[in-house]
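Put together the whole structure using the sequences plus the hints.
These are the residues of each chain, in order.
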Amino acid sequence: MKNNFSNMVPLTEDSPKKQETVCIFGTGDFGRSLGYKMMQCGYSIVFGSRNAQTSSLIPKGAEVLSHTEAAQKSGIIIVAIQRQHYNFLAELTEVLQGKILVDVSNNLKINQYPESNAEYLALLVPGAKVVKAFNTVSAWALQSGTLDASRQVFVCGDDSNAKQVVMDIVRTLGLTPLDQGSLLLAKDIENYPLQLFPMWKFPIYLSLGLSAAFFFYCLIRDIIYRYVYEGKDFSFFVAISIPNRVCPIVALILLALVYLPGVIAAILQLYRGTKYSRFPDWLDKWMLCRKQLGLVALAFAFLHVLYTLVIPIRYYVRWRLNGYVISQINSNKTDPFNNVNGWISDSYVALGILGFFLFVLLGITSLPSVSNSVNWREFRFVQSKLGYVTLILCTAHTLVYGGKRFLNPSMYRWYLPAAYMLSLIVPCIVLVIKFVLVFPCLDRPLTQIRQGWERNSSGS
Amino acid sequence: MKNNFSNMVPLTEDSPKKQETVCIFGTGDFGRSLGYKMMQCGYSIVFGSRNAQTSSLIPKGAEVLSHTEAAQKSGIIIVAIQRQHYNFLAELTEVLQGKILVDVSNNLKINQYPESNAEYLALLVPGAKVVKAFNTVSAWALQSGTLDASRQVFVCGDDSNAKQVVMDIVRTLGLTPLDQGSLLLAKDIENYPLQLFPMWKFPIYLSLGLSAAFFFYCLIRDIIYRYVYEGKDFSFFVAISIPNRVCPIVALILLALVYLPGVIAAILQLYRGTKYSRFPDWLDKWMLCRKQLGLVALAFAFLHVLYTLVIPIRYYVRWRLNGYVISQINSNKTDPFNNVNGWISDSYVALGILGFFLFVLLGITSLPSVSNSVNWREFRFVQSKLGYVTLILCTAHTLVYGGKRFLNPSMYRWYLPAAYMLSLIVPCIVLVIKFVLVFPCLDRPLTQIRQGWERNSSGS
Amino acid sequence: MKNNFSNMVPLTEDSPKKQETVCIFGTGDFGRSLGYKMMQCGYSIVFGSRNAQTSSLIPKGAEVLSHTEAAQKSGIIIVAIQRQHYNFLAELTEVLQGKILVDVSNNLKINQYPESNAEYLALLVPGAKVVKAFNTVSAWALQSGTLDASRQVFVCGDDSNAKQVVMDIVRTLGLTPLDQGSLLLAKDIENYPLQLFPMWKFPIYLSLGLSAAFFFYCLIRDIIYRYVYEGKDFSFFVAISIPNRVCPIVALILLALVYLPGVIAAILQLYRGTKYSRFPDWLDKWMLCRKQLGLVALAFAFLHVLYTLVIPIRYYVRWRLNGYVISQINSNKTDPFNNVNGWISDSYVALGILGFFLFVLLGITSLPSVSNSVNWREFRFVQSKLGYVTLILCTAHTLVYGGKRFLNPSMYRWYLPAAYMLSLIVPCIVLVIKFVLVFPCLDRPLTQIRQGWERNSSGS
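Protein chains in written order, with full-length UniProt numbering: chain P, 1 to 460; chain L, 1 to 460; chain B, 1 to 460.
Possibly wrong hints are sitting among the right ones.
[As the list claims (entries may be wrong)] No more than 30 Å apart at the CA atoms, straight line, and that leaves these computed lysine-lysine pairs for BS3-like:
hint	chain 1	residue 1	chain 2	residue 2
1	P	K201	B	K385
2	P	K385	L	K109
3	B	K201	L	K434
4	L	K385	B	K285
5	L	K201	P	K434
6	L	K385	L	K333
7	P	K333	L	K232
8	B	K285	P	K60
9	P	K385	P	K333
10	P	K99	P	K232
11	L	K385	L	K285
12	B	K73	B	K285
13	P	K201	P	K434
14	L	K73	L	K109
15	B	K201	B	K109
16	P	K385	L	K201
17	P	K201	P	K109
18	P	K385	P	K201
19	B	K385	P	K109
20	L	K385	P	K285
21	L	K333	P	K333
22	L	K333	B	K333
23	P	K333	B	K333
24	B	K109	L	K385
25	L	K285	B	K60
26	L	K201	L	K285
27	B	K73	B	K60
28	B	K232	B	K60
29	B	K385	B	K434
30	L	K333	B	K73
31	B	K201	B	K285
32	B	K385	P	K285
33	P	K109	P	K60
34	P	K109	P	K385
35	P	K385	L	K285
36	B	K232	B	K333
[What the hints assert, rightly or not] Ranges between beta-carbon positions, derived for each pair:
hint	chain 1	residue 1	chain 2	residue 2	range
37	B	A212	P	Y324	28 to 36 Å
38	P	T68	L	Q72	30 to 38 Å
39	B	T334	P	N341	24 to 32 Å
40	B	A212	P	K232	43 to 51 Å
Derived from the structure by calculation, the hints contain no laboratory data. Small disclaimer: the values here were computed from a predicted structure and weren't measured. Backbone N, C-alpha and C define an ideal beta-carbon position, used for all residues, glycine too.
Below you can see the structure in the form of structure tokens.
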């Protein structure tokens, strides 16, 4: 709704009443943009600057004064200058006494300084109430009104009244304030806009690496081998046929890797006899990106579905099917219907459809708004129970696809097994271990350990 | 974003400053886990316990004292003990006077006790400010940092300052507090984590029942009948062909059942001449799970689409099409193009595509984050207008699919009509009644009644 | 979760304790419905009315008094009367002194009055604390408990304590209060429920217009032309074949129109040498509905995918393919495999699949809950980088589809080029300009301008 609101407010609107005066230190791009936006929403703006001259860039109607004069005009001072120029603020400690200082700064790198800019500001000006805000909004977005992604403004600070005042300003600008708690969290808020999908990096690099490896593997088996031994040019397979081998393989391996760390953690806990020891770092990190791994797997599965469904409209497939009919006619015999083939063909497709269906369900429940509306028990039911059913269905889909071909020596070109056989290794390992862990003799102690019981504990 | 935040905070981080001391009553699993997490976030923790000995399980750095001593050290006491052991707290009334008591308990069953645990606690310790919180977070999730589903912490309480203090702790732990209002709502908050999709049970059981019934119906008509009379084994139909009959049937019936209660309610209101009488309970419950019914219907429609799109890659279908071509060749004639068949084939497919498209649109608008961003008028437009168009398109899809076959006696094997004919009954009833209700002579009084007018009213 | 909560509370529940007395002015439909709901949640209700008689419509247990008497009984007065009857409230100024007045009114048209109803109320009764709330909830929804879309209650007001009191009532009713800030925002809140997808109108009308135009264009080329010159009746093409030409064309043009305003804005900024001049109004509006344009384009692309995937199950397509095989047999020759055709067929399909895949990704990231969980940098990465890759893939898909046919004169029926050629004009223009803008000699000054630099500036 916020979206519609600010869209409906014409940007040049004259607000009915001036609400209050806000002081902005710094006449750089962000200070000017913020001032411009605030004036549109009815605030009086005073800029504090080293050289107190109104330049053509300053929004019309705003005053430009020296820092001291400007600070005296308002109870709220927005510090829109860079951290390395904060020093002069220490000299203004007296005039800033009891006032609200809003730190809007960002850094260039994650964890650039030992403490956050806002905490540094609070140290410099001990008497002021420092609030961190607005750093997640871009100047360009404020200017143009196209605030699709950045409507949320994270606010933190130690003084709760000061936070309220700042959050009211945020709301008046048509943005959504999110109270993040005390100033301790300023570091997270400052790091936030510098991130570029941190949790997605490992899953995406892993999937790209797997895709490349299997792509070349299939290239060798399906194009180069045939070119060398059969003299046929199947180079156009790189467009659809090979991607349609690579995608399901990567999807199945990634899906299995979602459930592998849980299985490893269970073994570790059983071995250690306690849940209070920390997991190794790599396992912790792996467990934290399981959701992203699963969603990347879903993306590959989605591509596999599309690649599969277009098979009948491919020129090559139509040509081959026609050739098959013509060869039957010419040899004057019709192949009888093979009931086993009918069963295999239909059941591997049906398993794939059901697996993909559950996979999509899992993907939908990991949307933030959906996972927020289920409780812990429901979430575990979906992600654990349904997730394992999905893994079983997808593994079975691949196994039945293999069908009678597993032992067919013609499948081992240059002694290389078909790619789909390699993709079955990880899922089968996960499913076997999980199957073992489900037995009561292992499940019961594991449940106890996860409820806080310790094997070697004397206390409690 | 919360997600990324807490993921980036290393779990072993030494926090820069100790904020304040919080007391936790109880050294069970949840108490220890919460204490451990709070110490990571910079709090000092004092455990209150019957036997004040530090065991190996207590997080390092936390003190363990008697209940009274521990309570004196802090203004906030987290009561991490089970309800049946609350009694001893009545003896501590004096030392707990004016302090904030946080009830984190859960029950084993929904509505286990007449009043909520938090209200019971408030009765036991009248001078304390009781706040309900943290019960939706699992100890295991706190421990492992994998808080995907349970990032939301519902908070309620009668004292607004006490609530603020607790919500600040929640935020510092990297969780999202949601103020639910007064302590009256504690019962709902305590029931919440015990639910397992309460609104989904009826739609899912209904759809499974319908699926099973139609599955056996089709099994008899399509496999057993053919085996008995034609001696052919079509058992592999259970994988794709029969599911692809059952899915659209169940989807269409469920979609009609979404709109049936609205139509019944309109008739009831017209008959009673008022909207202020309550509907019968079954109708109330039915109306409340319409969204879930619709989403289950969408799931079946999605499966139907997948099952339909894989038709051309099935071995059986290819074999039959080849046989058809070969038989044409052998008999040396080519079937001419039948324009009527072209029209019927294309239009029933087109109707299905449009119906599924609108169905997906309806599904997307019922995602929580999407339905939150539309207003009442827009929601009604989509769910009512678009919904009926979807129902009309899907019913027409089925009718045209039937095409000329309705009166074909060969369709009535063992006097059983084809399954799709049965699926048309409910949608047609709904559409006919709705069509009648749209006439002004019925629509006008209905609109008046829904605006508060009463037929038999003298007052107002 | 809210959803589940209020669903679980039976509507006839007797609340354990009466919380407080709330006064409602007005016994119309909304006042009665709200009173009924509040009584279910444990409030005592006093109605203020001109004729203080209890009618049968008033919920049982509620008192009806004169306005003055009713107002004296409570600190909170909900004004459930229409704006044109507000005048009498001015006479009650004394008794309303210091009380909380909740304005729940709506207008019939957007911006019906110069100031909002709530601000008008605050002018009439200067001593009262006016809070705007509840106007987005419908009486019918309150009554029936089916509050799917309208669970959010926007609250604004100048007195922060009064807002808190009202927000607590909202929470107790099982609704979600959203603090919108000061009373200045009442106008937006009052306009909100009157909107019907304001940002979607332009994209939807544009897409319908384009669809109609291209539909008739294809009708002429594919059906009428053939009927006139070849005497064949292809009228059934209107069901699938022509929609499957129109959908991809409209999708591609709309997708290009998403990126055209950004390109125009860049040219304008380069020409003006500043980002501080406002864009023309049409450009501003265009930029604000880019998200909606993109989603409508995605809908058309989705339809195109469905229409394409059903091709092999169409009767016409099967008949034509069979005819092709039979003609090969009869002429006793088999067409050899054409490697170029294999490449073209597979690569245009593969480009389409990848384009659609990225398009779906873009659509998912524009879901409110997803776009709220990414920061500005991530959002720009997805919407700008991925968006352009999508546009390139989709344009390439269309170009390769054209393949060798571009210069084939048989494609120019009645001198009309094939429709897909027309669809390439806008995307190619956008991509060419974007390609030029990426060159450093233009990209560098543009980046500087967007960081606040001005070509003709002396100050700063």
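Results for each hint:
no.: 1; hint: P:K201 <-> B:K385; result: 17 Å, holds
no.: 2; hint: P:K385 <-> L:K109; result: 22 Å, holds
no.: 3; hint: B:K201 <-> L:K434; result: 28 Å, holds
no.: 4; hint: L:K385 <-> B:K285; result: 28 Å, holds
no.: 5; hint: L:K201 <-> P:K434; result: 28 Å, holds
no.: 6; hint: L:K385 <-> L:K333; result: 50 Å, violated
no.: 7; hint: P:K333 <-> L:K232; result: 21 Å, holds
no.: 8; hint: B:K285 <-> P:K60; result: 24 Å, holds
no.: 9; hint: P:K385 <-> P:K333; result: 50 Å, violated
no.: 10; hint: P:K99 <-> P:K232; result: 80 Å, violated
no.: 11; hint: L:K385 <-> L:K285; result: 23 Å, holds
no.: 12; hint: B:K73 <-> B:K285; result: 50 Å, violated
no.: 13; hint: P:K201 <-> P:K434; result: 28 Å, holds
no.: 14; hint: L:K73 <-> L:K109; result: 35 Å, violated
no.: 15; hint: B:K201 <-> B:K109; result: 17 Å, holds
no.: 16; hint: P:K385 <-> L:K201; result: 17 Å, holds
no.: 17; hint: P:K201 <-> P:K109; result: 17 Å, holds
no.: 18; hint: P:K385 <-> P:K201; result: 27 Å, holds
no.: 19; hint: B:K385 <-> P:K109; result: 22 Å, holds
no.: 20; hint: L:K385 <-> P:K285; result: 48 Å, violated
no.: 21; hint: L:K333 <-> P:K333; result: 18 Å, holds
no.: 22; hint: L:K333 <-> B:K333; result: 18 Å, holds
no.: 23; hint: P:K333 <-> B:K333; result: 18 Å, holds
no.: 24; hint: B:K109 <-> L:K385; result: 22 Å, holds
no.: 25; hint: L:K285 <-> B:K60; result: 24 Å, holds
no.: 26; hint: L:K201 <-> L:K285; result: 12 Å, holds
no.: 27; hint: B:K73 <-> B:K60; result: 18 Å, holds
no.: 28; hint: B:K232 <-> B:K60; result: 74 Å, violated
no.: 29; hint: B:K385 <-> B:K434; result: 12 Å, holds
no.: 30; hint: L:K333 <-> B:K73; result: 93 Å, violated
no.: 31; hint: B:K201 <-> B:K285; result: 12 Å, holds
no.: 32; hint: B:K385 <-> P:K285; result: 28 Å, holds
no.: 33; hint: P:K109 <-> P:K60; result: 34 Å, violated
no.: 34; hint: P:K109 <-> P:K385; result: 41 Å, violated
no.: 35; hint: P:K385 <-> L:K285; result: 28 Å, holds
no.: 36; hint: B:K232 <-> B:K333; result: 28 Å, holds
no.: 37; hint: B:A212 <-> P:Y324: 28 to 36 Å; result: 44 Å, violated
no.: 38; hint: P:T68 <-> L:Q72: 30 to 38 Å; result: 48 Å, violated
no.: 39; hint: B:T334 <-> P:N341: 24 to 32 Å; result: 25 Å, holds
no.: 40; hint: B:A212 <-> P:K232: 43 to 51 Å; result: 48 Å, holds
Figure legend: structure checked against the earlier numbered hints; hints not met, in rising order: 6, 9, 10, 12, 14, 20, 28, 30, 33, 34, 37 and 38.
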